[in-house]
Amino acid sequence: MSGNMNLTLKVWRQQSLNAPGKLVDYKVKDISEDMSFLEMFDVLNEELITKGDEPIAFDHDCREGICGSCSMHINGRPHGPLKGVTTCQLHMRSFKDGDTIVVEPWRANAFPVIKDLSVDRSAFDRIIGSGGYISVNTGNAQDANSLPIPKDDADEAFMSAACIGCGACVAACVNSSAMLFVSAKVSQLSLLPQGKPETDQRVLAMVNQMDTEGFGACSNTGACTAECPKEISQGNIARMNRLYLAASLGGK
Amino acid sequence: MSKLDSKIPEGSIEQKWTKYKSTVSLVNPSNKRNLEILVVGSGLAGASAAASLAELGYKVKCYCFQDSPRRAHSIAAQGGINAAKNYQNDGDSVYRLFYDTVKGGDYRSREGNVYRLAEISPNIIDQCVAQGVPFAREYGGMLSNRSFGGTQVQRTFYAAGQTGQQLLLGAYSALERQIGMGNVTMYSRHEMLDVVVIDEKARGIIVRNLITGAIERHFGHAVVLCTGGYGNVFYLSTNAMGCNVTAAWKAHKRGAFMANPCFTQNQPTCIPVSGDHQSKLTLMSESLRNDGRIWVPKVQGDTRKPTDIPEEERDYYLERRYPAFGNLVPRDVASRAAKERCDAGYGVGTSKMAVYLDFKYNMMRYGRVEAIKNNNPNADDETILSLGKEVVKEKYGNLFDMYKQITGENPYETPMRIYPAVHYTMGGLWVDYNLMTTVNGLYSLGESNFSDHGANRLGASALMQGLADGYFVIPYTIGSYLSNEIMTKPISTDHEAFVEAENKVKANINALLNIKGTRSVDYFHKRLGKIMWDKCGMARNAEGLNSAIKDIRALKDEFWKDVRVPGFNEEFNPELEKASRVADFMELGELMCIDALNRDESCGGHFREEFQTEDGEALRDDENFAYVAAWENKGNGWDLHKEELKFENIKIANRSYK
Numbered sequence: 279m280s281g282n283m284n285l286t287l288k289v290w291r292q293q294s295l296n297a298p299g300k301l302v303d304y305k306v307k308d309i310s311e312d313m314s315f316l317e318m319f320d321v322l323n324e325e326l327i328t329k330g331d332e333p334i335a336f337d338h339d340c341r342e343g344i345c346g347s348c349s350m351h352i353n354g355r356p357h358g359p360l361k362g363v364t365t366c367q368l369h370m371r372s373f374k375d376g377d378t379i380v381v382e383p384w385r386a387n388a389f390p391v392i393k394d395l396s397v398d399r400s401a402f403d404r405i406i407g408s409g410g411y412i413s414v415n416t417g418n419a420q421d422a423n424s425l426p427i428p429k430d431d432a433d434e435a436f437m438s439a440a441c442i443g444c445g446a447c448v449a450a451c452v453n454s455s456a457m458l459f460v461s462a463k464v465s466q467l468s469l470l471p472q473g474k475p476e477t478d479q480r481v482l483a484m485v486n487q488m489d490t491e492g493f494g495a496c497s498n499t500g501a502c503t504a505e506c507p508k509e510i511s512q513g514n515i516a517r518m519n520r521l522y523l524a525a526s527l528g529g530k
Numbered sequence: 326m327s328k329l330d331s332k333i334p335e336g337s338i339e340q341k342w343t344k345y346k347s348t349v350s351l352v353n354p355s356n357k358r359n360l361e362i363l364v365v366g367s368g369l370a371g372a373s374a375a376a377s378l379a380e381l382g383y384k385v386k387c388y389c390f391q392d393s394p395r396r397a398h399s400i401a402a403q404g405g406i407n408a409a410k411n412y413q414n415d416g417d418s419v420y421r422l423f424y425d426t427v428k429g430g431d432y433r434s435r436e437g438n439v440y441r442l443a444e445i446s447p448n449i450i451d452q453c454v455a456q457g458v459p460f461a462r463e464y465g466g467m468l469s470n471r472s473f474g475g476t477q478v479q480r481t482f483y484a485a486g487q488t489g490q491q492l493l494l495g496a497y498s499a500l501e502r503q504i505g506m507g508n509v510t511m512y513s514r515h516e517m518l519d520v521v522v523i524d525e526k527a528r529g530i531i532v533r534n535l536i537t538g539a540i541e542r543h544f545g546h547a548v549v550l551c552t553g554g555y556g557n558v559f560y561l562s563t564n565a566m567g568c569n570v571t572a573a574w575k576a577h578k579r580g581a582f583m584a585n586p587c588f589t590q591n592q593p594t595c596i597p598v599s600g601d602h603q604s605k606l607t608l609m610s611e612s613l614r615n616d617g618r619i620w621v622p623k624v625q626g627d628t629r630k631p632t633d634i635p636e637e638e639r640d641y642y643l644e645r646r647y648p649a650f651g652n653l654v655p656r657d658v659a660s661r662a663a664k665e666r667c668d669a670g671y672g673v674g675t676s677k678m679a680v681y682l683d684f685k686y687n688m689m690r691y692g693r694v695e696a697i698k699n700n701n702p703n704a705d706d707e708t709i710l711s712l713g714k715e716v717v718k719e720k721y722g723n724l725f726d727m728y729k730q731i732t733g734e735n736p737y738e739t740p741m742r743i744y745p746a747v748h749y750t751m752g753g754l755w756v757d758y759n760l761m762t763t764v765n766g767l768y769s770l771g772e773s774n775f776s777d778h779g780a781n782r783l784g785a786s787a788l789m790q791g792l793a794d795g796y797f798v799i800p801y802t803i804g805s806y807l808s809n810e811i812m813t814k815p816i817s818t819d820h821e822a823f824v825e826a827e828n829k830v831k832a833n834i835n836a837l838l839n840i841k842g843t844r845s846v847d848y849f850h851k852r853l854g855k856i857m858w859d860k861c862g863m864a865r866n867a868e869g870l871n872s873a874i875k876d877i878r879a880l881k882d883e884f885w886k887d888v889r890v891p892g893f894n895e896e897f898n899p900e901l902e903k904a905s906r907v908a909d910f911m912e913l914g915e916l917m918c919i920d921a922l923n924r925d926e927s928c929g930g931h932f933r934e935e936f937q938t939e940d941g942e943a944l945r946d947d948e949n950f951a952y953v954a955a956w957e958n959k960g961n962g963w964d965l966h967k968e969e970l971k972f973e974n975i976k977i978a979n980r981s982y983k
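In the order they appear, the protein sequences are chains A and B. One point on numbering: in the working numbering, the residue at position 232 of the first sequence is 510, and numbering is uninterrupted. One point on numbering: in the working numbering, the residue at position 478 of the second sequence is 803, and numbering is uninterrupted.
Isolated chain A (complex conformation) (with noise of 0.2 Å):
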């Protein structure tokens, strides 16, 4: 069963990180609109397959929108046109039969290509590896109700923690700034009582760490927040600030 819909896609092709890459263009036809965007990329895979051609490489893994792989920039912008869905929620019904469809890997030099529109997002592992993190060592623990939390905050802390790490918010800021990813784990964590006594060295571990990856200042643009799938406040990058100089200051 298929669709009615032919497109027409620019690729970015690109062997590896020091291969030269460029836009390539490839017809596909009979598009069905309840097909997602990474199905679509499995129909022209499956043709370039079989004509003896080369697939083109891209992360995925859930497609449910939740694990963070997909990372295709299309039509300029990060998981594609909706608001608040990634590439793979992304469906064909979105588009209209005839257009033309750009699509890119993020764009960092923090996120080198590893080969056509799949990139390497290890620095964001980094970052958390500098402070993303409760010093607890398992076993340590009280009884989890001993905590009351106000529900408020646990929802405020749930929120930041809905970043799924995908790097839209880094390839949709004209400085590449990681700001948003990092922000919201320094908010997670400084909003619940557990997190606190950690709050100056984490903020500034992770900033230092984030700075070291090659990510750019924040300029206040407000694309990542406007890109992101999961829709992560900007207020998590005013509270970042907050903390960092008042952890920079030596005081609270």
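These aren't lab readings, by the way, just hints derived from the structure by calculation. Warning: the hint list may mix true and false statements.
[As the list claims (entries may be wrong)] Below are the DSS-like pairs computed for lysine-lysine, each with C-alpha atoms no more than 27 Å apart in a straight line: (1) Lys429/A / Lys714/B; (2) Lys526/B / Lys384/B; (3) Lys729/B / Lys374/A; (4) Lys720/B / Lys361/A; (5) Lys875/B / Lys959/B; (6) Lys875/B / Lys851/B; (7) Lys829/B / Lys881/B; (8) Lys851/B / Lys307/A; (9) Lys881/B / Lys329/A.
[Stated by the list, open to error] Quick look at which bits of chain B chain A covers, simulated, 3 or more residues with Cβ under 8 Å: (10) 502-510; (11) 724-731; (12) 843-855.
[Stated by the list, open to error] Using C-beta positions, here's what the derived DEER-type ranges look like: (13) Val598/B / Asn353/A: 24 to 34 Å; (14) Met467/B / Asn284/A: 54 to 64 Å; (15) Gly354/A / Val598/B: 26 to 36 Å; (16) Glu973/B / Pro390/A: 51 to 61 Å; (17) Ile523/B / Asn498/A: 50 to 60 Å; (18) Asn353/A / Asn700/B: 47 to 57 Å; (19) Thr328/A / Gly600/B: 17 to 27 Å; (20) Thr328/A / Glu541/B: 26 to 36 Å; (21) Thr708/B / Lys300/A: 52 to 62 Å; (22) Asn284/A / Glu734/B: 21 to 31 Å.
Source: prediction; values computed, not measured. For glycine and all other residues, C-beta sits at the position ideal for the given N, C-alpha and C.
Given chain A, put chain B in place with the hints provided.
Frame of chain A; chain B shown alone:
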């Protein structure tokens, strides 16, 4: 090696684990520093194991095929995690969780393991809260609970519809902390392709660097597989695209027995298949069954819009058949009931292979409560409904959004259409009480082992098991083995066993690349999935299974003659990764059918059409099949080993949810 010894400690069920922990051999801190452990997989089981073992002082290496350990498929678990906290004062206890799990598994799991799981469950919630996992809370600041299938208490902890994500990010942060401290070396985008066994002990693994294609040898004093389930053997499932059986299967071919591989679970609340292009199926959390009522029209082939069908013309078939549990019967029961209605011609939607999950009744119920809270007890129905929608939105908002995104329909206005889909595999590597497989020093945790869920897993128990195994079981049990290994010096990876394993891996890759056939890997994978779904799916029979075995063998021959794997090894090559995984799925698929054919009974997710009661319920045969079927790979076939299941604390009984 052929004798199965479950190594369940002596003593009363309440004392087994306590006594075990107090008497198990320990490794002193200075020796731990010299012992290396390889953890394969970074989901809930893998991340929690790697972090906890590193905290204890072991040298740990951790591997995942994803680009980051945070992306393991545990992230996609939605509904919740069970724990016997009894915070709701509704009669829960360790014993009741243990009982519910054994009964839910249709009396095909091991009492000792399940009791330990229930006993550990409260500690998991404590640990996660301490890590900053933002569970749902009540206004008083206390943790909130909800109900899941197969239970009559509220013991499920949750974080909206993203519980797996929040738990995994907790375990991931613990893992990253150890990585940051230099106690764990992380290998992302690395896939395990063989286990190295020396003198009958697991001593290392062979991995492929998925970016460069380099084949690497890694030594470890022990190897811990936390590599998830094999639901993707069906091609379409709720599993992530990359989920695979390869690590477990390579271990199986090196001597680890595979247990109950035919026990697979269909989750009743998935979005139905919409077309041939479909690459995966999406789950709508079981937690929705708390507030959604499942129905089909009372007449066959009713084409009216669901909102136009009046109440008296709807068949709430779960409430009708199972009044005691209603919409919250276990997954296997709910899935079969949906299939029964659709097969009988009552299905809805364009494919007629779907049933309705309707929230209106409970939206009205919540709306009335809100109206009273707002001092507006006489509100009209429209106001009540809109108040109710807000309550439902807070509980399940992300799931409703996802449904709308995928189907283009608004579930706040019209019922969801749902149908069962492959979701979880209860079968897996056979392990003893220590979680060790039949290969010494080779462990299996989480979904990759078989141990705790019998023939059917209850909802919100997978997260519990993964974290129990990783945080609280393996840190103790691995000591009983490693305390005897403190004199073992690291073995050089030039050892002939490493060379042999690496050569085998390389030969397999070259063979796949050199077929240069005409069909893509997906083409074969889809065909395998269809055979498995049609003949080894929600209902099986001997005739179908026999023909499936023949079909799979023929398909396997065709695959090895005609698959086309483009590119080469020394590059990022996702098609090559898929090809090697599908090759293993073919072999597994055959064993699943053999196992299903051997088990002449129906239990849990394994429903043999020949064995059912008059009203269509599963008919167990406790006299002949109260055992774990553990299969030993003999190269050209399998030998069956049986571990008899003894029920000393729970009376084995007819499993009724009526």
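Status of each hint after checking the structure:
Note on Lys429/A and Lys714/B: the hinted pairing holds, with a Cα-Cα distance of about 20 Å set against a maximum of 27 Å. At most 27 Å may separate the alpha-carbon atoms for a hinted pair to count; Lys526/B and Lys384/B meet this at roughly 18 Å. For the proposed pair Lys729/B and Lys374/A, the alpha carbon gap of about 19 Å is at most 27 Å, so the pair holds. Of the supplied pair hints, the one linking Lys720/B and Lys361/A holds, its CA atoms being roughly 21 Å apart against a limit of 27 Å.
Under the criterion of a C-alpha separation no larger than 27 Å, the hint pairing Lys875/B with Lys959/B is consistent with the structure, at around 19 Å. Under the criterion of a C-alpha separation no larger than 27 Å, the hint pairing Lys875/B with Lys851/B is consistent with the structure, at around 17 Å. For the given pair, Lys829/B sits about 19 Å from Lys881/B by alpha-carbon distance, which is consistent with the 27 Å threshold. With a CA separation close to 21 Å, the supplied pair Lys851/B and Lys307/A stays within the 27 Å bound.
For the hint pairing Lys881/B with Lys329/A, the CA-to-CA distance comes to about 23 Å; that is within 27 Å, so the pair holds. For the segment 502-510 of chain B, the stated coverage by chain A is satisfied: 3 residues place a CB nearer than 8 Å to a CB of that chain, which reaches the threshold of 3. A count of 4 residues in the segment 724-731 of chain B with a Cβ less than 8 Å from any Cβ of chain A is obtained; the coverage claim is therefore met, three being the minimum. Counting residues of the segment 843-855 of chain B whose C-beta lies closer than 8 Å to any C-beta of chain A gives 5; at least three are required, and the coverage claim holds.
Our hint of 24 to 34 Å for Val598/B and Asn353/A holds, since their Cβ atoms are close to 29 Å apart. Checking the proposed 54 to 64 Å range against Met467/B and Asn284/A shows it holds: the Cβ atoms sit about 57 Å from each other. For Gly354/A and Val598/B, the Cβ-Cβ distance of about 33 Å falls inside the hinted range of 26 to 36 Å, so the restraint holds. Our hint of 51 to 61 Å for Glu973/B and Pro390/A holds, since their Cβ atoms are close to 59 Å apart.
Between Ile523/B and Asn498/A the beta carbons are some 59 Å apart, a value that agrees with the proposed interval 50 to 60 Å. Taking 47 to 57 Å as the suggested C-beta distance range, the pair Asn353/A and Asn700/B conforms, at roughly 50 Å. Between Thr328/A and Gly600/B the C-beta distance comes to about 20 Å, which sits within the given range of 17 to 27 Å. The hinted range of 26 to 36 Å is satisfied by Thr328/A and Glu541/B, whose Cβ atoms lie roughly 33 Å apart.
Separation of Thr708/B from Lys300/A is about 58 Å and conforms to the stated range, judged on CB atoms against 52 to 62 Å. About 26 Å separates the C-beta atoms of Asn284/A and Glu734/B, a value consistent with the hinted range of 21 to 31 Å.
The structure agrees with every numbered hint stated previously.
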